[in-house]
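Novice: One-letter residues, chain by chain:
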Amino acid sequence: MRWLGALAVLVLLALPAVLGSYATTILILVFFYGFLGQAWNIVGGYAGQLSVGHAAFVGIGGYTAAMLSLEWGITPWIGMFVGGALAAVLGAVIGYLGFRFGLRGFYFVLLTVAFAEICRIAVSNVDAVGGALGLYITFTGDPRQFQFQDGRVYYYIALALMLAATGVVALLERRRFGIYLAAIREDESAAEALGVDTFKYKMLAMVVSSFLTGLGGTFYAFYLFSLQPNAMFGIPLSVEIILRPIVGGAGTLLGPILGSFMLTPLGELSRLYFGQGGHHGLHLVAYGVLLIAVVLFLPQGAYPYLRRFFVGSRP
Amino acid sequence: MAKTRLSRRAFLRSTAAGAAVLGFPLPLRAQPKTFKIGAIHPVTGPLAEPGQACRLGAQMAADAINAAGGIKSKGGLKLELLLGDTQTKPENGRVEAERAVGQGAQMLLGSFDSGSTNSMVSVAQQKRVPLLVDIAAADPITANVAKSVKEGQQKVQYVYRNFPTGSSFGRNAVQYFTEIFKEASVSPKRVVLMHANDLFGTNQMRGFKAAWEAAKPSWEIVEIIPWPEPPSDLSTEVSRAKALKPDVLAPITRPASAQLLLPEIRKQRVELMGIVGPGSPGLYEAGQFAVLKEDLEYVMTSVPWPSFKNPRTLAVAEEYAKRTERETGRRRTFDTNSGYSYDAMFLIADILERAATLGDPDAIVEAMRKTRFAGGLMQYGGPILFNEIGDNPNAIATMIQILGQKPVAVWPKAAALQKFVFPRPKA
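These protein sequence lines are chains L and A, in that order. The numbers in my numbering rise by one with no breaks, and the one at position 129 of the first sequence is 129. The numbers in my numbering rise by one with no breaks, and the one at position 281 of the second sequence is 281.
Just chain A, same shape as in the assembly:
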């Protein structure tokens, strides 16, 4: 049998060629001028589903902007997304941001989980590339940069966020709980807070607890019960909660834990006025309805939600559902993740329209600071703007409730499509 043997020369030649590809990943052919944005999300790994929703939301928005003539004040400049995948690993946040910048990205967008986002922050600040955080709730992401600019360690803040922070999530939720209880003319006293003991769950729990301590409402958090995420069984946690005789259970779940928690509450016949979450996934997604069915009925949760009173939102949501059906075979809801990434892209377009020049990152930052954008599809408390920390104080949550097996906005009144049902009817 003839043996094919790799000669040393051929080996070295192919190694050198490989190194050259690695060193210069830029496309070699000439391309029409575009404004490149590194859109980095966790499209594989444990957070793949929301990450893919973010990517699709951003892509759809970029397509819509380009179809409408691009950035008009800059001669119809088109947007081009350089896609990246963090796999929810912090190191990939940095690697992908570096790659996007190396390929000519003049802005960065991302990246859903706070760890990866914070490693993108260092690239943004090092390379002076403005980063718009579309989703990531940990307060320090922007606060740390604002602090280092204030203390003179950094000259300019290149990191801004259009998403509620952990603490603002908490404030919103406590306010909605209080208002809904008052509106319903009932006075639940005992709230048991249950949460997934991971990064997200802990962040949400802390924000909610701090806001409750600050607001001193008429109801009380009688106990905080964590569970390891993902849990294998939640019967002990639920029986502990039941023993506390709560009026309201406030769960901070993940999809996997919600699938255990809600049936367990039913099985143990916990008498409740309602299940009202301070804000978490697992309580409103299409996939969850298929599993939890009636257990989800009347559950409320406070989440960033699209403003479905806006006809444009309805049109985009329909297009999103069709596109997901075409690409994945399942109609998906236009929700928190796809919605905030969609808005982020239109926000970027608005910033680019107003920037004096796109060649200077500081000019883009200047335009970002002066943002007053009212064209978002999500439910906001006012126009999108950035405070001294770089966060949008008008990025708020909406209380949604599962009514007739569909998530419906029920509070605040301005956003409500239907009246909430609280206390829930007795089974």
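Just chain L, same shape as in the assembly:
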């Protein structure tokens, strides 16, 4: 498996040389959503704490880096980590409230959604951070400002982010931390009875996950050059983030990446082929139907099936 992974990385590194800009752009989104899905996977997949408010961390990360850059001229390369840290603080607050007071299942979902919505409404109403108008970043093409004349640089950054998050998850998975998280997911009371400090490990998972997601916010902001509260903090982005790991296989190392490789091109290709004629919206129906099919026929996500297909069928 290891050599297969290395080969895949090599292929991905070489791809921009042969691909057109559209395919490169789609792959950038594949990596970006793969990265966000992987970050969510730590708390949502491994620890089993269903957060539906991860867009808040993207928003905090993106807005922080953009404000630091626009107001004080601080490079987003630094702003990215400040944004990540602030997202981690917010993650810690949400985690503390949720885990200390034992909110599980739907209640934790509601808590995360509520925080994301509070952030969205607050940002929409504070003129100092652009208010409902949002922030518009000037395109300069200056690498010090996290901007590149050549779109392929974004490809490598997005790839690096996805691989880094996967590396972090791989490390967690092999350590006691990962096993504790799986124990919490499977049966929290049993894990607690066995002496696992469930509060501590859930908090850690939340902080790491929100930090990584916050880093992604900077990429999103400086790739698209505009930040609007609805796009950065809204429920649709949170849903986009969790769809990848759920379809690919939550709580597995490669599930979010696989999910992103499935869903992102699916969304784009269906828009490309169904959205052209007069049938407005048919692509959304096609995307929805395919999504339902995946959930119906691959309820644990695609990765466990694929793994069985490639590894399990070997004589």
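Hints listed in this document are in silico derivations from the structure and should not be mistaken for laboratory results. Any given hint could be a false lead.
[Stated by the list, open to error] So the derived label-pair ranges between C-beta atoms look like this:
(1) A:N387 / L:I78: 30 to 38 Å
(2) A:S187 / L:V285: 20 to 28 Å
(3) A:E223 / L:P236: 32 to 40 Å
Just so you know, even glycine gets a beta-carbon here, dropped at the ideal spot from N, CA and C.
Position chain A against the provided structure of chain L, taking the given hints into account.
Specialist: Leaving out everything else, chain A in the frame of chain L:
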């Protein structure tokens, strides 16, 4: 039961084929040479209706240009639109622009909402593909690029806009308010500004407020009352406005909020000289008449509007209504959205006629800068031209009023088809 099993080889083969399609979406067959334009609008999602109007406007204009012989100075070169859908998501603005450029688009057109448009800007500047913004009002879209060119961070500005900006909308509205009050020989003093608290509503509110502060007219904005968009109820906001004893209510609505606001004003019997909007959707569309009926009568709003004094506009509007009836079963009005996208396509044709060569994007930009185009169907304050920021200072709004359940241009005088009714008759 026989099981069909996907072999590993077949799986890999189909995956590779899929990847190849993704990598090379260009049509493989030979085609006659055309000039490709990426026309990108939100044709699905929350802004689907105006987005579809934009797409149809652009398509009709391209068809008309091609039917009239294409770009004559370039041997009758035909225009071909590569259609894109942003779904009002900024990331799709970028993706669709990249796709269009990958398929050979030499110019981009779009994209209605400011967020998606700004992400198209980065593609235009990165790939040196001129972008004509047909609709999007946020000032920074062009101003940011102009600034980076001025400061030497970018060499050439590839982004130009033929649409009023948020600030010019405000200036127009304040001017029209003042002129109409004067012409009517009444002197309303107290104006209450009410607005949807979203990107568009806030942008419009700020532009209007800034213009009012700069113009210092005889009337006063006594209060600004926002509401969350879409609202579930506006009774509190309206009673707050009523308590301020306004002479004029100036609402910045969306279709959904207009459907709540106007009946609420009637129910609470707010005594007003009139409802005069600084410019927003929701107050003049065919669908709104069906719901709001008499509540819309005498409402005025300042919007970019087609010049219906122009016989060509009337002919195109009739064709547009017929085409929408054929395609959607409902006759739609040729208005702000379809009109500006229609004009944008003729503007592009004019630019291409004058460009020294179409192979060099900088030559197209050079022709764009020298634009003086008087063939637009919308109401302009002069020929279409681009200032140092890349905006058309002659893209202005028109004050329209609902008279006899139809939107009619009433101000400025040059555009007016009928005399306005202000103050409105008491119920």
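Novice: Does the Cβ distance between E223 of chain A and P236 of chain L fall inside 32 to 40 Å?
Specialist: Hint holds: Cβ distance 34 Å, inside 32 to 40 Å.
Novice: Is 20 to 28 Å a correct range for the gap between the Cβ atoms of S187 of chain A and V285 of chain L?
Specialist: violated, 56 Å
Novice: Given a hint of 30 to 38 Å, does the C-beta separation of N387 of chain A and I78 of chain L actually sit inside it?
Specialist: holds, 36 Å
In summary, the one numbered hint that this structure violates is 2.
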